[in-house]
Amino acid sequence: MATKTLPPTYDPRAVEMPRYAWWLQRGYFHAPVDPAREPYVIMLPLPNVTGELHMGHASTFSLQDVLIRWRRMQGRNALWQPGTDHAGIATQNVVERELAREGLTLEALGRERFVQRVWEWKERYGHIIVEQLKRMGFSCDWDRYVFTLDPPYYDAVMEAFIRLFNQGLIYRGKRMVNWCPRDQSAISDLEVEYVETDAQLWYVRYRGVDGGPDVTIATQRPETILADVAVAVHPDDPRYAGLVGREVLVPIVNRRVPVIADRRVDPAFGTGALKITPGHDPTDHEIGADHGLPTLVILDPRGRLTPEAGRYAGLDRFEARRAVGADLQAMGLVERVEPYRTNIGTCDRCHAVIEPYISDQWFCDVAPMAARAAEAIRAGRVRFHHERWTRIVLHFLDHIRPWTISRQLWWGHRIPIWWCERCGQPAAATTRPARCPACGGDGLTQDPDVLDTWFSSAIWPFATLGWPRETPDLRYFYPGHVLVTANEILFLWVARMIMMGLHFLDDVPFADVYVAPTVMTIDGRRMSKSLGTGIDPLEMADGRGYGADAVRFALVSRCSQAQQDLRFSEKMIADTRNFSTKIWNAARFVLLNLEGFDHRRPPAAADLGLADRWIRSRYAHLTPAVTAHLEAFEFDKACRALYDFIWGEYCDWYLEMAKVDLAAAPPGSPRRAAIQHTLWSVLSGAMALLHPVMPFLTEEVWQHLPHEGESLMVAPWPAADPAAIDPALDAQMAVLMTVVRTIRSLRAELAVPPARRIPVHIRAAAPLAGQLEALGEYIAVLARTEAVTFGPLGGPAPARSVTAVLSGVEIAIPLGGLVDPAKERQRLARTLRQLEDELKGLQRRLEDADFLQRAPAEVVERERSRASDLLTRRQRLEAIVAALGDDPPR
RNA sequence: GGGCGGUUAGCUCAGUGGUUAGAGCGCAUGCUUCACACGCAUGAGGUCGCAGGUUCAAGUCCUGCACCGCCCACCA
62 MATKTLPPTY
72 DPRAVEMPRY
82 AWWLQRGYFH
92 APVDPAREPY
102 VIMLPLPNVT
112 GELHMGHAST
122 FSLQDVLIRW
132 RRMQGRNALW
142 QPGTDHAGIA
152 TQNVVERELA
162 REGLTLEALG
172 RERFVQRVWE
182 WKERYGHIIV
192 EQLKRMGFSC
202 DWDRYVFTLD
212 PPYYDAVMEA
222 FIRLFNQGLI
232 YRGKRMVNWC
242 PRDQSAISDL
252 EVEYVETDAQ
262 LWYVRYRGVD
272 GGPDVTIATQ
282 RPETILADVA
292 VAVHPDDPRY
302 AGLVGREVLV
312 PIVNRRVPVI
322 ADRRVDPAFG
332 TGALKITPGH
342 DPTDHEIGAD
352 HGLPTLVILD
362 PRGRLTPEAG
372 RYAGLDRFEA
382 RRAVGADLQA
392 MGLVERVEPY
402 RTNIGTCDRC
412 HAVIEPYISD
422 QWFCDVAPMA
432 ARAAEAIRAG
442 RVRFHHERWT
452 RIVLHFLDHI
462 RPWTISRQLW
472 WGHRIPIWWC
482 ERCGQPAAAT
492 TRPARCPACG
502 GDGLTQDPDV
512 LDTWFSSAIW
522 PFATLGWPRE
532 TPDLRYFYPG
542 HVLVTANEIL
552 FLWVARMIMM
562 GLHFLDDVPF
572 ADVYVAPTVM
582 TIDGRRMSKS
592 LGTGIDPLEM
602 ADGRGYGADA
612 VRFALVSRCS
622 QAQQDLRFSE
632 KMIADTRNFS
642 TKIWNAARFV
652 LLNLEGFDHR
662 RPPAAADLGL
672 ADRWIRSRYA
682 HLTPAVTAHL
692 EAFEFDKACR
702 ALYDFIWGEY
712 CDWYLEMAKV
722 DLAAAPPGSP
732 RRAAIQHTLW
742 SVLSGAMALL
752 HPVMPFLTEE
762 VWQHLPHEGE
772 SLMVAPWPAA
782 DPAAIDPALD
792 AQMAVLMTVV
802 RTIRSLRAEL
812 AVPPARRIPV
822 HIRAAAPLAG
832 QLEALGEYIA
842 VLARTEAVTF
852 GPLGGPAPAR
862 SVTAVLSGVE
872 IAIPLGGLVD
882 PAKERQRLAR
892 TLRQLEDELK
902 GLQRRLEDAD
912 FLQRAPAEVV
922 ERERSRASDL
932 LTRRQRLEAI
942 VAALGDDPPR
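Residue numbers (this note's numbering): 62 to 951.
Keep in mind that the hints were calculated from the coordinates and are not lab data.
Source: prediction; values computed, not measured.
Treat each hint with caution, since some may be false.
To be verified - List of simulated lysine-lysine pairs, DSS-like, C-alpha gap at most 30 Å: (1) Lys-590 - Lys-632; (2) Lys-643 - Lys-632; (3) Lys-632 - Lys-183.
Using the sequences and the hints, build the whole thing.
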């Protein structure tokens with residue numbers, strides 16, 4: 062059978078893209094409903110349309126592709142559901158900036174034309190991330206691609222809102238929320254990012270009135286003094302015992318405000334007196350409400366001071382802070398200003414400082430759903446990997462607060478609520494109702510807000526499958542199986558999907574959540590484009606020419622469950638590229654030796670040599686190990702097992718031994734066919750096992766090897782073959798390796814020229830002697846020796862030789878003039894010393910009654926046999942040294 | 001303030017309580033050996049963060065501490 066040869070070098074750039082197009086064209090990525098097969102579903106964590114592929118995507122998506130490709134090869138109907146997120150604030154910001162460059166504003170454009178502009182932007186740039194995913198080789202079912210604003214998905218979001226609204230789980234209210242003055246929108250608690258910042262703590266004196274004493278408060282935000290309505294102290298604070306009930310004068314505005322007592326005040330902080338600003342601080346808001354205090358507001362939605370702020374009106378909040386501070390100082394009311402380090406809330410999208418701000422918003426009462434989700438997790442219906450994430454997610458669910466779901470944006474799912482102009486009642490409906498259901502009025506206007514982007518992605522696992530319709534897709538593919546994600550969206554997305562899945566479909570959306578490590582720079586910093594610390598996966602794949610496979614393996618092989626960070630560098634990709642090259646060259650070697658080979662004819666057992674049976678045994682170990690590691694989400698171990706097998710066993714040892722065997726097996730002989738079959742089958746199998754991680758290279762190699770079927774992608778996952786495992790052979794090979802390494806080491810130590818063949822005499826006891834004798838030719842080639850001679854253990858050493866005494870084996874290299882007996886004596890003495898040190902420790906243990914009594918018998922037995930082996934070796938070494946002494950000095 | 005993770009070779013990391021702790025990279029030395037110099041071979045390099053404890057036996061289990069990183073939390 063003819064075999065195709067491989068080009069001498071592997072160029073991933075030439076291979077990867079055409080191969081992806083071919084897979085796509087063959088339809089391998091598509092998972093149709095097929096009740097005859099068991100489905101396997103992973104939902105792609107939908108990237109933003111504005112996004113560009115970064116290392117975070119590359120790592121989590123590579124892991125998903127590993128799982129999907131592996132399960133597909135196992136025969137599962139594997140669906141990897143792809144899509145992109147409209148990303149409300151992020152996308153709106155991008156287009157707003159574009160408008161600004163044209164001198165346009167949102168207001169000037171108007172809502173409808175703005176949304177139209179965003180769609181145009183999406184049509185132009187929205188596919189970039191999708192193309193990048195394809196470039197990485199990800200085998201998503203693109204026929205099922207979903208954009209969160211596609212009409213069917215939009216309708217699903219509407220339906221979810223309306224159901225929750227009708228169930229009383231969504232409501233509107235005037236609350237203090239996190240307000241982003243830059244984005245001009247509310248955001249949820251989870252979207253606030255706290256940044257430790259150097260701030261100042263101002264100690265400001267409030268004058269007592271009617272002869273009462275002054276009170277000094279401490280504040281970070283002097284400008285909010287303008288909105289103060291009280292000063293609060295702890296009821297048990299003796300310093301202020303007489304003060305409660307009196308009044309003080311708020312500086313600048315000269316407002317008389319009461320001093321009140323409240324347990325929420327921490328007497329240990331600052332002066333123990335807290336100014337109360339219900340309009341601009343969450344705690345103050347609560348305290349104010351409980352004490353029936355008024356709420357004053359001095360900031361507008363842009364974070365500028367309102368006319369209520371008198372002469373500060375129009376100033377930005379930070380300018381106002383400086384201005385008010387300066388004025389207070391001029392008035393002599395500032396006692397001191399301390400540097401103060403504190404956490405400042407910022408917007409996770411635009412990084413502007415968040416304002417606690419009172420406004421009308423929509424909220425989702427997630428507590429009941431969170432309770433169900435927590436219950437499901439506690440029952441083990443969703444398992445997190447690593448397990449430690451379970452507690453973290455449960456803590457979030459157990460302490461959940463209402464979710465602010467409305468956003469004052471234009472880009473997104475518009476809230477399906479219609480307000481009646483006559484009676485003011487809301488009506489929930491996907492399209493404008495003809496009449497108000499409450500009063501029959503016909504003047505209805507839709508709520509201007511859109512929904513939090515995370516609200517729409519929370520229903521991703523079923524809205525992509527046709528929900529709320531009872532589609533065959535939904536019935537067949539829901540619930541799914543695994544979610545792979547970064548820890549940063551466990552609450553924002555993962556927890557909410559579990560809640561919504563249970564709420565709407567009565568079942569969790571997936572059973573396993575693998576939390577991937579965060580990709581960091583090599584010095585432990587966050588990878589960020591703006592900081593210039595990022596590594597661009599596509600630049601690595603194409604720009605540097607490492608190929609997508611190298612990026613994938615480099616990442617996947619470092620995804621262990623132990624760590625939550627993954628320190629990453631280009632060097633790691635380059636190292637993996639070397640692995641690709643190694644595989645490529647091994648494949649070239651195999652193909653060069655397959656002439657006349659028919660892979661359909663299995664070899665007779667008798668025709669398999671020692672090396673063949675050994676590598677088949679090793680491969681039989683490898684297959685179930687890789688499978689088990691993937692089942693346990695131990696990606697690093699799966700990769701290491703493959704790397705060590707392919708490079709350390711197949712290439713380093715088997716191929717070298719096969720060269721010896723091939724030289725002795727005439728073309729056309731059954732013996733040669735058996736070697737060829739081993740070369741081929743083990744390499745093919747290794748390619749299959751490696752395929753999920755390095756799909757392109759493995760497919761390319763596999764296509765050139767003899768094979769059944771049209772693509773490795775859909776070839777069967779290798780089955781474990783326990784019959785091929787031969788522990789005796791493994792042990793025999795281990796001895797061979799030690800012998801070869803020992804001879805090489807001695808050669809290097811004696812500086813024997815590499816090309817020179819040296820005589821070697823090996824002494825061993827039966828049955829090892831016979832086994833090694835059978836391996837004599839391998840030893841000769843691998844260690845560059847002349848024909849190896851054998852003798853019985855303990856037999857006489859050849860004259861003028863260097864010797865190594867191993868367990869049960871002695872190696873003597875008679876090198877005549879090259880051997881300096883004095884040096885050899887020194888060398889042996891050194892080994893003897895090491896051996897004695899070890900023996901001493903061992904004997905100490907064996908004389909310890911506690912050890913003998915308490916350690917398990919097998920441990921004691923093992924130490925005994927080690928000791929006896931060391932004793933024998935010591936004896937032999939001493940004998941050899943003694944014999945050297947007889948050697949006449951030259 | 002609470003929680004989580006990390007601390008093992010120069011770097012990145014493995015390491016079911018049981019030999020004298022391993023890998024890759026880097027380093028040193030040698031090698032154009034008929035698949036591969038993106039390679040082969042050999043070698044150097046470690047009081048496993050610190051202090052206690054448990055155990056016959058601790059890198060591994062427990063306690064405390066230190067440092068690095070992350071998450072949560074309305075102390076102004």
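Here is how each hint holds up against the structure:
1. Lys-590 - Lys-632: Since the Cα atoms of Lys-590 and Lys-632 sit roughly 19 Å apart, the hinted pair holds (cutoff 30 Å).
2. Lys-643 - Lys-632: Holds, at about 17 Å.
3. Lys-632 - Lys-183: Answer violated: Lys-632 to Lys-183 is near 36 Å, above 30 Å.
Against the hints set out earlier in the document, a violation occurs for number 3 only.
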